[in-house]
Amino acid sequence: MTDQKKLSHYLNRVAEIAGQAFEKKIRIALLGSFTLNGLAETLSVMCAEKNIQCTTYVADYNQYNQEILNTESNLYKFFPDVSFLLIDSRTILGDLFYYPYSISKKERKQFVDKKIDEIQKLIHIFDKKINSKLVINNFNIPTFSPYGIVETKTDFGQHQMITELNRRLANLFLNSNSIFIYDFNNFVSKYGEKNIFDDKQFLFGDMKISLDYIPYFANDLLSYIIGYLGISKKCIVLDLDNTLWGGIVGEDGFSGIKLGPEPPGNAYVEFQRVLLSLYQKGIILAINSKNNYEDAIKVIKEHPYMILREDHLASLRINWTDKISNMKEIANELNIGLDSIVFLDDDPVNREYMKINLPQVLTVDLPKDSSQYAEVIKSMNEFSVLNITQEDRQRGKMYTEQRKRKELEKSTPDLERFLKQLDLKISIKNANEFTIPRISQLTLKTNQFNLTTKRYQETDIKKFSQDQNYVVGCAQVEDKFGDNGITSAFIVRKENPKEWFIDTFLLSCRIMGREVEKGILGYILNKAKENGVERIKAQFIPSHKNKPIEDFLPKCGFQKEGDFWIYSMKSSFVIPECLTVCVE
Amino acid sequence: MSKRLYDLIARVMNVPHSSINDESGPTSIENWTSFKGYVLLSELEMEFNVKFTLEEAMDVKKVADIKRHLNNHGVTLND
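Residue numbers (numbering that gives the first Met the number 0), protein chains in the order written: chain A, 0 to 583; chain B, 0 to 78.
The set of hints was computed from the structure by calculation and includes no laboratory data. Some hints could be false.
Here are some of the chain A residues that sit facing chain B, going by a computed Cβ distance under 10 Å [unchecked claim]: (1) LEU6; (2) LEU10; (3) THR34; (4) ASP198; (5) LYS199; (6) GLY204; (7) MET206; (8) LEU210; (9) ASP211.
Under 7 Å between C-beta atoms, here's a sample of chain B residues computed to sit facing chain A [said to hold, decoys possible]: (10) VAL11; (11) TYR37; (12) ALA56.
Estimated spans, in silico, between C-beta atoms of each pair [what the hints assert, rightly or not]: (13) GLU261/A to ARG67/B: 51 to 61 Å; (14) ARG67/B to VAL149/A: 40 to 50 Å; (15) ASN20/B to ILE148/A: 46 to 56 Å; (16) LEU202/A to GLY73/B: 23 to 33 Å; (17) THR26/B to ALA14/A: 20 to 30 Å; (18) GLU374/A to VAL49/B: 27 to 37 Å; (19) ALA63/B to ASP205/A: 23 to 33 Å; (20) ALA20/A to VAL49/B: 35 to 45 Å; (21) TYR60/A to GLY73/B: 34 to 44 Å.
Even glycine gets a Cβ: it sits at the ideal position worked out from N, Cα and C.
Build the full structure now, drawing on both the sequences and the hints.
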């Protein structure tokens, strides 16, 4: 993660992956103002390592304007899922890259206006023409200024001019679901201008990004592919001793472990802070530790310098059971796939054991030096998402509430009584500007309780929602422990006045097993009835993950007819008593 | 040390070690494209911790040239 393989590795490996089959597919277009040699190969190999088949289109050198403006261009014929428009500072600034003070402050401001206008028009054409995400980079601020130390005293000098260009660029597409800004300036800051730009390579081969850093650059771009495909990791499972704190609590005792403001304990505090920041964006945290439960939980609950507390942890497996069984139980309890989990453990033996037994889990090699733990997490792109919804921000809290629900369930053996006690309320919402991002996200991420596993981008959902022939909606589920957020989505196509077809019906794993699906289906059936529909057609498309929904249609009274399932409106569908369904 | 150099060239060019000799270059090794030539120089600099000058980089036509320039930077390659 922090160390990348060399570019030659990717260039040579690309031939080996050709013709291999992968689980996911993506089409990537690369448009650049400079030579992009090696980038497509590197991206393809990195994708293959994540079981993604990446097909690339690389536009000719500095032809991005023509490719976008010409509606018959090869770019549009390629039908990319994600396009990267990579423009370097030399190209965008032209002569001003070298001679920013050859013109007045007013002219520099006009220059920014002009460039923003050009970019906006170009991207507008692209966005209207094609259903592809577009990622455009912002511009790095060169450390050199002809004004030297007076640069910072110069009103709208070169540095301010580029900062303004970047700010305006970000603002242009702040609310866009299809255009994203890649923070290239940040990339240069991270690895250093002297490393990213190699004058010799530039002068000799017109390479504007040093070849050594093409893999790092590709790794950053890969984040968008992970986000687009909805394959980001959902959960971090952590060991405790020498991972969340230094030392072994069972031996060193509550006050003997290293955790606090002084080194080396502060390394663990730092690490926990980064984990908490990910929790706040929606990453679930869980514990898988061989330990005495009492010793460990006392630290989690009472240690003055613990950052992560019990409420941040969705699942606790603190016992002497082997870590593989614990891991399977955690995945089961949280209702997430093993391939959504990242495992962090300081012990190389435990890591190896996990890698061999559960290769689906991403087991990260933590360095020996605990001061580098935080960096390992910070440099991972596996948590990348293209947007962060309200549900994401609340996810950690929701999982804690879920743990409490499970505790109630355990103490109430009768399922019907348990469900009644939950006070379940389902609010059906139409697709609108607030719910569309979440509906798309649910179609991209939901695997288990998903009838057809059709993946839809926001633009697709938007299109359906504007089409009279579709009913697109979602459901927010609340109970006495809290709000689960929007956790279900459906897309129904009106085939003809008498027949509707359920294109998509899914439920987040968080709320499975509570009859919620029957409440939502009941809503769809009632709506169909009100519209004079006689038959509802549905389809179950098996995947290797959606077994939980396999029996859903027959259980709800659908009859098999060829490849489809049919519900006749003559039958009456009863929404379970434990549910309150309302329509917003 | 020549082995270390040949290993690196073989790895970058994705050819067997045995196909590399001092006369090897873009004309004898099909994979040795101009781009692979840039990649080779960049990985040589990392491997041997040297920085070639622009003139040296432009001068590389075969393995013997690389040896000569590495030697200029104090890297001794014993056969």
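Hints, one by one, checked against the model:
{"no.": "1", "hint": "LEU6", "verdict": "holds (6 Å)"}
{"no.": "2", "hint": "LEU10", "verdict": "holds (7 Å)"}
{"no.": "3", "hint": "THR34", "verdict": "holds (9 Å)"}
{"no.": "4", "hint": "ASP198", "verdict": "holds (8 Å)"}
{"no.": "5", "hint": "LYS199", "verdict": "holds (5 Å)"}
{"no.": "6", "hint": "GLY204", "verdict": "holds (5 Å)"}
{"no.": "7", "hint": "MET206", "verdict": "holds (7 Å)"}
{"no.": "8", "hint": "LEU210", "verdict": "holds (4 Å)"}
{"no.": "9", "hint": "ASP211", "verdict": "holds (6 Å)"}
{"no.": "10", "hint": "VAL11", "verdict": "holds (4 Å)"}
{"no.": "11", "hint": "TYR37", "verdict": "holds (5 Å)"}
{"no.": "12", "hint": "ALA56", "verdict": "holds (5 Å)"}
{"no.": "13", "hint": "GLU261/A to ARG67/B: 51 to 61 Å", "verdict": "holds (55 Å)"}
{"no.": "14", "hint": "ARG67/B to VAL149/A: 40 to 50 Å", "verdict": "holds (46 Å)"}
{"no.": "15", "hint": "ASN20/B to ILE148/A: 46 to 56 Å", "verdict": "holds (54 Å)"}
{"no.": "16", "hint": "LEU202/A to GLY73/B: 23 to 33 Å", "verdict": "holds (24 Å)"}
{"no.": "17", "hint": "THR26/B to ALA14/A: 20 to 30 Å", "verdict": "holds (22 Å)"}
{"no.": "18", "hint": "GLU374/A to VAL49/B: 27 to 37 Å", "verdict": "holds (29 Å)"}
{"no.": "19", "hint": "ALA63/B to ASP205/A: 23 to 33 Å", "verdict": "holds (27 Å)"}
{"no.": "20", "hint": "ALA20/A to VAL49/B: 35 to 45 Å", "verdict": "holds (43 Å)"}
{"no.": "21", "hint": "TYR60/A to GLY73/B: 34 to 44 Å", "verdict": "holds (37 Å)"}
Every hint from the earlier list agrees with this structure, and none is contradicted.
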